[in-house]
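J.: Below are the chains, spelled out letter by letter.
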Amino acid sequence: MIMPALSVTPRAWRIGAIALSALVFAFLIAPILVIVPLSFSADPFFSYPIEHWSLRWYAAMVGDDPQALLWQRAVVNSLIIGLSATLLATCLGTLAAIGVWRSPRPLANAVTALMISPIVVPIVVTAIGTYYFYARLGLVGTYTGLILAHAALGAPFVFLTVAATLASFDETLLKAGAILGASPARVFRVIMLPLILPGVVSGAIFAFATSWDEVVIALFLAGPEQHTIPRRMWSGVRDNLSPTIIAAATLLIALSIALMLTLDWLRRRSERLRLSPPVSADRP
Amino acid sequence: MRRARSGLPAAITLSLSLLSAAPVAVADQVTVVSWGGSYSESQRRAFYEPFSKATGITVLEDEWQGDMGKIRTMVDTRSYQGDVFDAESAHLVSGCDAGLWEHIDYSKLGFTPDEFLPGAATECGVGSISWSTLFAYDADAIKADGPQSWADFWDIKKFPGKRGLAKDPRWNLEFALLADGVPSADLYRILRTDDGVDRAFAKLDQIKPQVVWWEAGAEAPKLLANKEVVMTTGYNGRLYTAITEDKKNFKMVWNGQGVDFDYWVIPKGLPNLDLAYKFIAFASEPERMAQQTAYIAYGPLRKDALAYVAPSILPNLPTAPDNTRNWFKSDTQFWADNHESLMERFNLWLSQ
Amino acid sequence: MTSRTHDLMRIGLEPTARARLRVNRQSVHALMLIGPCLLFLLITFAVPIAAMLFRSIEDPELADTLPHTAAAFQAWDGVGLPPENLVRIFAQDVAAARETGNIGVAARRLNFEVPGFRGLLLQTARDLPDPEAPDLLQRLSEADARWQDPLYWRAIKTAAPRFTARYFLAAAGLQPGSDGALVQPDPNRRIYPTLLLRTLWISLVVTVLCTVLGYPVAFLLATASTKYSNLLLLLLLLPFWTSLLVRTTAWLVLLQNEGLVNHVLVWAGLFDEPQQLIRNRLGLYVAMTHILLPFMILPLFSVMKGIPPVLMRAAYSLGAGPVRAFSRIYLPQTLPGLGAGALLVFIMSLGYYITPALVGGPGDQMLSYFIAENASATLNWGMAAALSLALMACVAVALVIFARIGSQALRLRA
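Going down the list, the protein sequences come from chains A, B and C.
Residue numbering for the first sequence follows our numbering, beginning at 1 and increasing consecutively.
Residue numbering for the second sequence follows our numbering, beginning at 1 and increasing consecutively.
Residue numbering for the third sequence follows our numbering, beginning at 1 and increasing consecutively.
If we strip away everything but chain A, and leave its shape as in the complex, we get:
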């Protein structure tokens, strides 16, 4: 039986739901499917059918003419800022999640509320707030400023994913470690970290994706030296929607798929781990 609920739901409903869902899925996927081939079209117009295929819009991003250099710089900037912000957010967020997990309830609730506020506050408010304040510290137009702001946006995600992993973590394992004479640092490294690692990595991926995709804060904080890919795309889209933008968009989609599949794999792995005894975590 393909659809187990079929027997209990009237057929018409079921078919209606399937038809509507098919439309919704088409709606969700179509824009992405449509623009990817356009980036391989030789024509500068966004029209179908595509008559000649070419990599010219990708080629416009390599080489050493000024426009290409700007794109290359944007890629490097996105990586520098994204990775640094992720590292910072991951360390801080993981520690905080462990801290909250070990705290009494009222404290935990209060800290959690504070910790996730960067997700809830509208991004424009965050952007002009940081701009106003960082400008006074001389952080506008610097890598540091963008990294700090992006790390603040990413930390809540790490915090949430690690906290979720810890919810199923058995505290007696720590006690066992301590009784066997391991130092707290060793207990953390050998026992705790391997078990919460999927949560940490998922959080890190979320944090990286947040920074990689972020444009509003970059609009305010980044100088031309720090222009990231989304920031370049933003001026390109507003100014002159060229196929190079679509090529850049396709590269971003490719990376999204890679991040998504990594996350999916991690999720399956942690589900597997949860079903088997924790000792197997150390087995290759």
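Keep in mind that the hints were calculated from the coordinates and are not lab data.
There is no bait here: all hints are sound.
The calculated SDA-like cross-link candidates involving lysine to any residue, where the alpha carbons are at most 25 Å apart (straight line), are:
hint, chain 1, residue 1, chain 2, residue 2
1, B, LYS157, C, PRO274
2, B, LYS162, C, LEU260
3, B, LYS53, A, GLU225
4, C, LYS227, A, ASP264
5, C, LYS305, A, PHE25
6, C, LYS305, A, ARG14
7, B, LYS167, B, GLU63
8, B, LYS167, A, SER235
9, A, LYS175, C, GLY35
10, C, LYS227, A, ARG269
11, B, LYS167, C, VAL114
12, C, LYS227, A, LEU33
13, B, LYS208, C, GLU373
14, B, LYS278, A, GLU225
15, C, LYS305, A, SER270
16, B, LYS248, A, SER39
17, B, LYS167, C, TRP201
18, B, LYS167, C, GLY116
19, B, LYS167, C, PRO274
20, A, LYS175, C, SER27
21, B, LYS251, B, SER330
22, B, LYS208, C, ASN257
23, C, LYS305, A, ALA26
Covered stretches of chain A, going by a simulated chain B footprint (3 or more residues, C-beta under 8 Å):
hint, region
24, 123-136
25, 212-225
Non-contacting residues of chain C with respect to chain A, defined by C-beta distances greater than 10 Å in every case (computed):
hint, residue
26, ILE57
27, ALA63
28, GLN74
29, VAL79
30, ARG88
31, GLY116
32, ARG146
33, ARG281
Note that beta-carbon positions come from the ideal geometry of N, C-alpha and C, so glycine has one too.
Assemble chains B and C onto chain A, guided by the hints.
T.: For chains B and C alone, kept in the frame of chain A given last:
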């Protein structure tokens, strides 16, 4: 794109160059902030690249939309995101009054203000170009007897179809009054009265349902090219580039054009003043200025520069005799005083 | 506390105290772990926003640039023209401000009150009569007759206090009248209440659209066999993970006049000529719904996944029709997921900036756009801060309402 590659080699080169491109740490670089699109392109070819070649100083480019708020924050906090800005006269005047621009030391530039057209070399900015706001129509859509005046632009019956207008009260109020029969000499006298502003908005009301609004200057020719509008206001240089380089069949209507200047300005307190002056001096050389007209049809403001401009380009500049039969110069003082309050009213009017 | 009571406590409360000590030590450990992150967020996030929001009640320009004038004019009754000594203080301040180059700041601020004041003040500063001369007001008026108009002098009084409620009043579509009572400014200057309503309305419509489209999809995902649901889930996650800017760009390409959607519509004979699909509300709803739909489906899916099919079967066997079974049995159980999804979609919509800016027309810009505009273009930090606060208040209210509904739904379920 210098060498066109295709297929696998391109893909490999792409990935390699992405891997190898480290952040470039350069000793000398100057950041020039301008308006994007084909205008920035013309500056890149006429100024930035030759400047880098001649001096070894890297030119970084950025864009702005005249957001003076960022300049204020930059100057207040001394965190400069640009060394030289390309400013319209409204930004020049309001920034100069508010102490946001450096006072230009002409002795450092190697020329004197009287080598420029009147009003072009000022206390806070060195004039670069004169530009025109006018309207153009798609000659493929309107074949014979095209529109000739702002009254025609407003005439929806005679010329049906969408119109493109800038999302800003500036220029639109002037054009509306011209369409309403006000002579160009009386424009600002009438706009300075409340009745005049009401009259301009009432005139705009007539075509409001037909209007597609654009923001960045590059959008106007794009709207025409995509056939989203049959006629649009725009900057003459960008429209001209669309006609000559993209081979579009657009016609520009110079009758009733509005002219303004752009200036090079330096934010107040910039530590790297010498580099900024070096760039402005370079970009103000007559040959350089004339060179820019080869890429975009804006008029150079240094008197000597006109001698170097190719004769074929001269008739397309805002200052050409044929183009100045009926024109007006933007009243900078009026807009410095009233832009904010009119913008507020304009935004509300738009959202109704 | 005396040493005696201290001793008593030590003896009497020994075990509890030790327990508390242990709890405290644990708390201290926990705080040491939480501390760095909390401190980091405080410095890089919370304090900057608080500092910016503080600007909404601050109005420092005149108090900073024309300090004596600001102090003196606050004490003035504001009736008619000011007395000679006030004019003198004003002239002295203007002379000083011109020296320091701050006159432009004061001129800008006063221009907010009366358009044209900027030019008047700058011109006056340039040709200022000797501040010590007699009949100063007369001399000023000879240079420019506007100084005979009490309107300008009242504007100085209005702008004088360092703290102000004007930005919040403006956000609510009000302004203080000349006699201190609140009045509605002329309709051409009352933009923000409309904007706030528009922002709420767009968010509401997008939330409803996401609910209508998302519910059946989540249902299908939750009830399909694992093989299919995993595949469908990936299809859902792909747009979810794709950059917001990329998706907005995709819609721009698809919906433009020469875009694919228009080609299809014309080809199918639905329209004779391309329709305008972007730069209007329609395009905005399409793009925002597309971007936010996964945030509705995912929470719904996880809740529906936990509903045992046996319940519906029981309802049918007890004679309930499909509509009744759905509305009485299934729907109430999905309410927590529905609430969470709607909350997410709604509060994310409230703060939308990039998508409306690119896909929407001028009549579709939301509060965020005007916050950014005020902060970067017109340099009105006070207004930007007041609007930010209004936007955050909307988010907070939404959170509270949904928390209420959510807990009620949970109670219903239990």
